[in-house]
Every structure is written in structure tokens, then in C-alpha cells.
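*Asks:* Here is how the chains run, residue by residue.
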Amino acid sequence: MSELATGVREICDRSGGDRARMMDIVQEVQARFGCVSGEALNLIAAATGVHRVEVEGVVSFYTFLSGRPKGRMVIRVCDDIVDEMSGMRPVAEAFSQELGIPFGGTTPDGQFSLEYTACIGLSDQAPAALINDVPVTYLSSDKAREIVAALRRHGDPRKLVHRLGDGNNAHPLVRSMVHNSIRSKGPIVFAPFEDGSALRKAIAMSPVEVIRDIKTSRLRGRGGAGFPTGMKWEFVRAAEGEPKYVFCNADEGEPGTFKDRVILTEYSGLLFEGMTIAGYAMGAQLGILYLRGEYAYLRLLLEHFLDERRRRGLLGRNILGRAGFDFDIRIQMGAGAYVCGEETSLISSCEGRRGDPKNRPPFPAQRGYLGKPTAVNNVETFCCVARILDQSPGWFAQIGSRQSAGTKLFSVSGDVASPGVYEYPFGVRLRQVLEEVGAESPIAVQIGGPSGQMVGPADFDRTICYDDLATGGSMIVFGPERDPVYIAKRFLDFFAHESCGYCTPCRVGTELMRKKLAAILDGRGEADDLPYLEDLARTVKFTSRCGLGQTAPNPVLSTLKNFRDAFERRCPARQEGRRAAFDLAAATAEAESIVLEQAAR
Amino acid sequence: MSKPRVATASLAGCFGCHMSILDIDDRILQLIELVEFDKSPIDDYKGFTQRCAIGLIEGGCCNAENVHVLQDFRKNCDILIALGECAICGGIPAMRNTIPLRECLAEAYLDGPTVHNPSRRIPDDPEIPRLLNRVYPCHEVVKMDYYLQGCPPPADAIWAALTALLTNRPIQLPYELLKYD
Amino acid sequence: MSESFTLTIDGVEVTAQPGQSILQAADAAGVYIPRLCAHPELEAFGACRVCTVKVNGRPQAACTTPATKGMIVENDTPELNEHRRSLIEMLFVEGNHFCMFCERSGNCELQALAYRLGIDAPRHDYQYPARTLDGSHPEVFIDRNRCILCGRCVRASRDVDGKHVFDFVGRGKGKRIWIDAESRLADTPLEGEDKAVEVCPVGAILRKGAAYAAPIGRRLYDHDPIGADIEAKRVGAPAAKGGKS
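Protein chains in written order, with our numbering: chain P, 1 to 601; chain U, 1 to 181; chain S, 1 to 245.
Calculated from the structure, these hints are not laboratory results.
Keep in mind that this is a model prediction, so the values were computed, not measured.
Treat the hints with caution; some may be incorrect.
[As the list claims (entries may be wrong)] Taking CB as the label site, the calculated pair distances span:
#1 P/Gly155 - U/Ala108: 47 to 53 Å
#2 S/Gly19 - P/Pro172: 55 to 61 Å
#3 S/Gly19 - U/Asp26: 37 to 43 Å
#4 P/Pro102 - S/Gly19: 50 to 56 Å
#5 S/Thr15 - P/Asn318: 50 to 56 Å
#6 P/Ala191 - S/Thr15: 54 to 60 Å
#7 U/Pro118 - S/Lys208: 57 to 63 Å
#8 S/Thr8 - P/Asp467: 29 to 35 Å
#9 P/Ala586 - U/Tyr45: 29 to 35 Å
#10 S/Thr8 - P/Glu194: 54 to 60 Å
#11 U/Ala108 - S/Glu231: 45 to 51 Å
#12 S/Gly135 - U/Lys75: 45 to 51 Å
#13 U/Asp156 - P/Leu521: 41 to 47 Å
[To be verified] Here chain P is said to cover these stretches of chain S; the calculated rule only asks that three of the stretch's residues, wherever they fall, bring their Cβ under 8 Å from a Cβ of chain P:
#14 42-53
#15 64-71
#16 85-96
#17 171-177
All C-beta atoms, glycine included, are put in the ideal place defined by N, C-alpha and C.
In isolation and in its complexed conformation, chain P is listed as follows (with noise of 0.2 Å):
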């Protein structure tokens, strides 16, 4: 047997043959030889039981996973708008340089790739990248060729870690350069915690009453939709099924979002009780954490964390000494998908599946994870859900603004003095906001991420809660010499990328909309363009099958109300009818080339 067919069988072995670690599977087939052949294909599928065409559609749909080999070092260079901001253009162009390749390219002795990625959780500290699983941060040109030129020295991306960053990140475990910039600390999640106190407070309750009290306490979920945790949880627990399952949605992919790295790093003892909490309240027996991809470098130290909870009976088979009360995580890791973060999506990612949201209904609460209830939960959520029993439904409703107990992390980029996360009660003032990071002079904050919504000046007296500025958590915050327009597209390129293709309006229509912005950018954009793309965003929100979908309209749908002259200004009338997308010498460039080489010969 070739060394591929043993590695494979191994692999696959060691998942017992279960096709829903496929993730599993074909991650570590990857890791181990490079990319998951065609050749591999056969074997996962001859392994697994699963159609070839099965594990290729996995394969094919995640960004980190290939078909085909990849350079020993994989260098991703994050290009989301805040990177751009801070300089990544240079750098993405010294490391092109320095490395003799493109961007998609690799490099001849196999030893390099060159790829762009979507956000990677480091926009307070851009321009970064990730080498393999190694976060590189606060990038700049002459740093890139010393990064080249170290790898070819040493070949070990862990080796480019020099000063170590703060708090756990400086854990033997994960040796990161990362920085937490934790800049404000509120009474929720930034604070400091016992582990097993709420567990002890929860399991002295019968599971309902602690349903109950996340109910009083008014908690709604962390990730944007704001949908009430308690009822999300009565759902589960009275659904039909069982085994239930609690998952941690911990992908966070909204560009400009990183406080669930910070709390990954700093407080997964909240995190991981309030699954615990989760377990208990609604009789599941399994936990999965989706870590995404791109946090990889987190793995070892949760891992470590929920070894030493299952060592202190805080996990595991009768914890706490509760005869009967079980209850373990495992981790999932992601593979760079966006979508995931949608909670079908993670779903089917985690039963080893093309990262598709599923059709609603049923809702996970119904039907999840293999068919039986689950509940998905946001990183924030569960620790919101800890705190309450630790301290009180009561003492936590009283916290934030009247429809918006407790408080909200922000993840704070762009054009600030001070990027990091902040913790606010909800019901803050965005002006508040603008003021304590250091936004100078701001034109635009982008709420809630790119599926969130872009404000300006006249919204900053609004405040920011679940009903008026409704935010997951990223703010990016635009100065004056940015481009609402160019922002757009961005987004745009952003959503199109990450479409997972299901349905149409949004496999076709963010591809649309991202191009015509372009035009548009490019000067080729005319007054009918306006019209049309106020359209094909409507189209595209309303028909959309998830949540992708229904947002990725929002930054053409925000800017074109509230900057609009920004777009006019570049969409005059056009004279004699002619369109101005078209430009007969572009058009006539490749066959006046064709004609001068012959010429020349």
C-alpha cells in the first residue's frame, strides 16, 4: 500500500469511519499530505462509505482545504477593508515580490503559497497575515521580506515569533505574537470569574428554573439577531429527540470582528461554563465548539483548558459529583468559510457536510445536528449565561437599555487611536462610542460589520442596542479621506467570495452587485446604475435563503441612503444614449495587441 492509502486508512480509522468528522478527515489528510489529491478522494470515499463526489463538495467548499497541492508554508494575507486601511497593499506586494509569485501562486521548490484570505480576527492589529496556523500581526514591508527571509532560513512559521503578546497568548501552548487590547472592561464578560461557581449556583435548580432565569434576566443572543437565549433553550429542551446538543458558534467571520478571540484567549472558563449551564438546562450531553479556522492557534490551549475542567469534575461524567449530569465539548474546527457562522451552515459543516445553511423550518431547535434539537449559541452568549447564575437574572436585566439587558463587546477597527475590544452596556451613544476610541473627525462607522449597517454622522446620536443600532460587535470606523463607494464594493467583493452558491440571489446577485460597484469606481457607473442597484440589492435581501444573503445587500442598501451624493457624483447622465460601461478602446485592446505582434514579427 502507497504511503497516501496507509495515512488515509489510518485517519479514517481513527474516526471510526464517521461521516460526520469528515471535517476531521479531510483536514488531517491535508495536514499530512499536502492537500486531499484526487487519489485521496477514492480513499476518503472507499474509507467512509461516502460518494467521492461527496467528499470532493466538501473539499471544494472551504478555503483552507485544497484539491490540490499547496507550498509546505501557506501565507495568508488578510485583504479585508481595515488591512487595506492600515497598509496591507505594500505588504501583500513585498511578499510577492520577495517570494517571486503571484497571489494563488507557488512557489517552484514547493516551499511557499501566496494567498489572500478574508478577515482573520486581527483587525485591531493590521495589516496581519497567517502563515499556516501562525497569526502574524501589525505587518509592514520591510517586515514581510524579514518573514520571507527568516522562512527560507528556518522553515518553521512558529519560529517568527519573537515578542510574545500579552495574557494567554504568551502561554506555552500558544506562543502568539497577538495582542488581546482589551480597552474597557464592563461588569459581563471582562470580569473576573471563579470557575464552577455559576455551575454550582445552576445545578442547586432544577434545569427549568435555570431556563427561567435566563429567561428573567432578559438575555438575547450575542451574534446580531438577538433572538431570546431562554426561549431558544425552552425550545430545545421541550423539542422531541434526544440526544440534544449545545454548540458554541465560535467562527466569527464578520470582518472586523474579533471579540470572541479575546475571550477565547482570556475567559474561555465563562465560555465553557456557560455551555456547561447550557448542557444542564436543557438535558444535552454533548457540547461542540466551532472553532474557526483561522483560530486554529487557540486549539491546543482549549483543549488544555477543558482537560483541566474535566480533571476538576467540571466536565465529563457526573460533574460536580451530580450523579446523572454529563456533559462534554469537543472542539470542531472550521476551514474558512464564512457561512459557518450561520447557524445551519455550522451545522452542516460539523455533520461533515459542503458548509450549506439548511431549510427553515425545521430550526435547529427542532431538528440540528444529526436531526435531534440543538442550540446554537454565540462565544458572548454562553458567557453571559455563566454570569447571570453567578450573579443574578435580576442584577443582570438591570444592566443596558430596556429591550437590551447586560452589555455588548465591540470590536473596534479602522480609523481609531485606540483598536481593541470594549465592553459597553447596552443602549451607549455611538457618539460616546466615536469619543472614548479615538475616532477623529469620523464620515462613517460601519455597525454591526459589513451585514450590518453604514451610518454617518447623522446616526451617531443613535444609540446601540437591539432596537436601534443592532450589532454583532464589529465597528469600523471610516475618517475622512475614505470612500463610501469603494467601501461597498469591498463588502461586496467580501460577500460574493463567500457565498456558498446554494440559491440564486445570492450566488448571482452578490456577484453582481460587487461588479457593477466596481464599475462604477472604475468611472463607468451612469444614473440609471443607482436605480438598478437599489433593486438588485431588494431582490437579493428578500428572496435570499439565509442570513448571507438577506445582509450582504445592506452595504449597498446603507450607502446608497446615506451617501448618496458619493455615489451621484460618479454616475452622471451620459450623452447620446451611449453606455458608459462600454469602452471601445478596452474592447479593441487585445485584437490592436494580436495585430502589433504580427506585425512586429
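The hints should help you fit chains U and S onto chain P, whose structure is shown.
*Replies:* Relative to the frame of chain P, chains U and S by itself:
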């Protein structure tokens, strides 16, 4: 009162749509009662003599000359109608749109299995209009006002559209006349 | 078995059975809701979004949403039909649809929906993507230029034929229908009589040697719009003709 003028052109098309204009049969006699033909292959006028009410465009734009003719039509006609699939979506000529121009020319003039071309040259006489990188539907080059689908559009559809426009009625085609083939 | 109930579609009361989707209930009642990926013999899929209706004011895919008692459904409204036109036009520009020589023309559901909704030209720019063909199989060919990613072949092959010949690879605009083999359809267990071949709504998966069987004028949608068969079931209603609404 002078009659409204109608102009027609065949760009990257096969003249099938013009054949379909002629297919309105004896109604063509009624048509010339209603309109005067201006620039058109039908009467062989090479240029516009006056401003026209309606321009009928067959075919998309595959070369620079097509673009110039189309822009000239836009300038000289109040209403422009994209006549047939090629004008609307590029049609058969647009099958080359998924292949780089360089490869198309090499296949046609150098490497194709039936090519006999001892000079090994791609035709490049300055008199030959430069090809565009792809075939463009008319509405991507100038603003078009109406679209008559079909390959070719049925004569009845052309008749219905022209008479509607000439009598200031909206174009309303019965189900059977909206066909893409 | 629980009892039947009623819901309202465009102001008309419609009787539904428990377990029916809005689409199924509408079909049974002779109300046509435009659709592409839905197929009566296959599991609902929810991909094309053409059957989007308003349910109590909110957009929902009629094919995947269960009918419930007292539901207020809007279907044939100018707003919804405009979204549908835009979606159909997206599918036309996304692929390479050359109706003039396509073997499916006249019997094609995509084309027929465009006729029914009165689409004379797409508002979107043509994308002219480079797509592949596969003619390796003796009985069947794939032309991905025409594929609208409705997933009917995937479901039919998996659930009816029990073969799983087809599935999707790639993501976003790179998503393609693919086959359970390295690259040749001939290397799969597909047979010409398979359900997966029969259910393709467009000309992407076709049997060889069966093209142009019906002459123009005698094809499925030459005279009656798509959905006319469903509407004929409605008591006392004449079959609708196409045109903009």
C-alpha cells in the same frame, strides 16, 4: 405631414431578422404606407438622410464598426429596438465569449483542422474592422428602448411592435409571440 | 391522520392537508406558484427562490414552508413577480443559455417561466462564464453552460435512483454540478433511463439522440404557459395566459 422614418441595420447577425421583417408578407405594403425607410439594407441607403423615429438593430457588436454603426443609430433614432437574440444577448457569435480572442483567431486562421493559410497570418488589413474582445449585446453599448425576442423574432411580433409604436400604443405581444428561438 | 385546514392565497381560500408545503397545497388547489428547483417527485430544496411568496407579510419559499392553518399567502402580486423576473434573469445571465439551438428549447422550464413572466431582456449584465461539457457517456451528456444549479439531478440520483451520481462542488459563483467520478460521466453508473436525467428542467443533462423530437408549435410551452396544467385544476377558472402582471 411627412411619414415617420424607420432605419435598420444588421451588425453581428445573419440577416435572418431582416428576412423576418420581409416575412410580414403583403403587410409590407401597409408598412410603406405608414413609414419611409431610411438607412437600411432594405433600400440600400448607406447613411442617414434625416432623423428617424425607429431604428431596428439586428445582431450584437463583434467589431469596432458595429459599435460605430450602433452609436450612429442611437444618435439618429428616437427609438431603438434590439431585434432578435443576437442583438439582445450576443447570440451565436457570442459563443466565442467564453474563449479568449487570441485562441479564437488562432483556431480560425492558424491551427484549425481545416485551415489552409500558407502566409500564417491573421487578417490584419486596416480596412478590416478591429474585433472586440468579446461580442457585446447592443444594450451594453448604447441605451436600447425595446427588445423583440426570437431567432428570428416572428414577423407577427415585428409587425405588432412597429404598428404599436407608430400609433403610440404600448407593445403587447400575445404569449405565442414571445419566444427565444 | 389530522384534518385538513384552510389557508388563503391571494385572497382565495385554499384547503390543505397536514404535511403539505404551501407549494403543494397551492398545486392541489389549482393555484400556480412559479418554481424551478421544486419537483413533485423530489424532496423540497429551496435553491432557486422563484417560489418566494409572502407569508403573513414575510418572504418565504413556498416549496420549503409548511402550510399552516389560517396562513395568509401572497403569490401573484406585481412585487413578487418583479423579484421573480429578476431571479430568472439572474439565471439567464449567470450561464450561457443559447435558446436558439438548445435541444430543450420549447420544453425548458427556465425559458417557459421567462415567457410566462414576460421577460423580453435581462436587466443584468451577461457573465459569459467558461463552463465545461461532458459527452463521454453513450446515452447522456452534460452541458454545464445551461445548468442552473437547481439540484434536481442530485436529489433524483440520490433518492430515486439510489446512485448519487451528481453533487455540487465549489462555492459561490464557482459552484458546479459534478459527478461521482474523476471527470467522465461515462465512469459513473448513470443510465439513460435514470430519474436524474429526466428531471433536469433545462438542457444541462439530456439524453443523446432524443433532441428536437417535437417540432416548433408542438412543444410543451409553445401555446400554453408553464403552470397552465396546474391552473386547469382550479374549479371554474380558465387557464391563464402569460404577460406581465
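*Asks:* Are the hints correct? Go through all of them and say.
*Replies:* Hints, one by one, checked against the model:
Distance hint for P/Gly155 and U/Ala108: a CB-CB separation of about 50 Å, consistent with the stated range 47 to 53 Å. Taken as a hint, the range 55 to 61 Å holds for the pair S/Gly19 and P/Pro172, whose Cβ atoms sit roughly 57 Å apart. Against the hinted window of 37 to 43 Å, the Cβ-Cβ separation of S/Gly19 and U/Asp26 comes to about 60 Å, which falls outside the hint. Distance hint for P/Pro102 and S/Gly19: a CB-CB separation of about 55 Å, consistent with the stated range 50 to 56 Å.
Checked against the hint of 50 to 56 Å, the C-beta distance between S/Thr15 and P/Asn318 comes to roughly 54 Å, which is consistent with it. Distance hint check for P/Ala191 and S/Thr15: the Cβ-Cβ separation is about 58 Å, which falls inside the suggested range of 54 to 60 Å. Remark: the range hint 57 to 63 Å for U/Pro118 to S/Lys208 is contradicted by a beta-carbon distance near 39 Å. At roughly 31 Å, the beta carbons of S/Thr8 and P/Asp467 sit within the given window of 29 to 35 Å.
Our hint of 29 to 35 Å for P/Ala586 and U/Tyr45 holds, since their Cβ atoms are close to 32 Å apart. One distance hint, 54 to 60 Å for the beta-carbon pair S/Thr8 and P/Glu194, holds here, with the actual separation near 57 Å. In this structure the hint that U/Ala108 and S/Glu231 lie 45 to 51 Å apart at CB holds, the actual value being about 49 Å. S/Gly135 and U/Lys75 have their C-beta atoms about 47 Å apart, which keeps the hinted 45 to 51 Å range intact.
In this structure the hint that U/Asp156 and P/Leu521 lie 41 to 47 Å apart at CB holds, the actual value being about 45 Å. For the segment 42-53 of chain S, the stated coverage by chain P is satisfied: 8 residues place a CB nearer than 8 Å to a CB of that chain, which reaches the threshold of 3. Coverage of the segment 64-71 of chain S by chain P holds [criterion: at least 3 residues with CB-CB distance below 8 Å; count 3]. Interface restraint, the segment 85-96 of chain S with chain P: holds (6 residues with C-beta to C-beta distance below 8 Å; minimum three).
Evaluation of the coverage hint for the segment 171-177 of chain S: fulfilled, as 5 residues show C-beta separations to chain P shorter than 8 Å, against a requirement of three.
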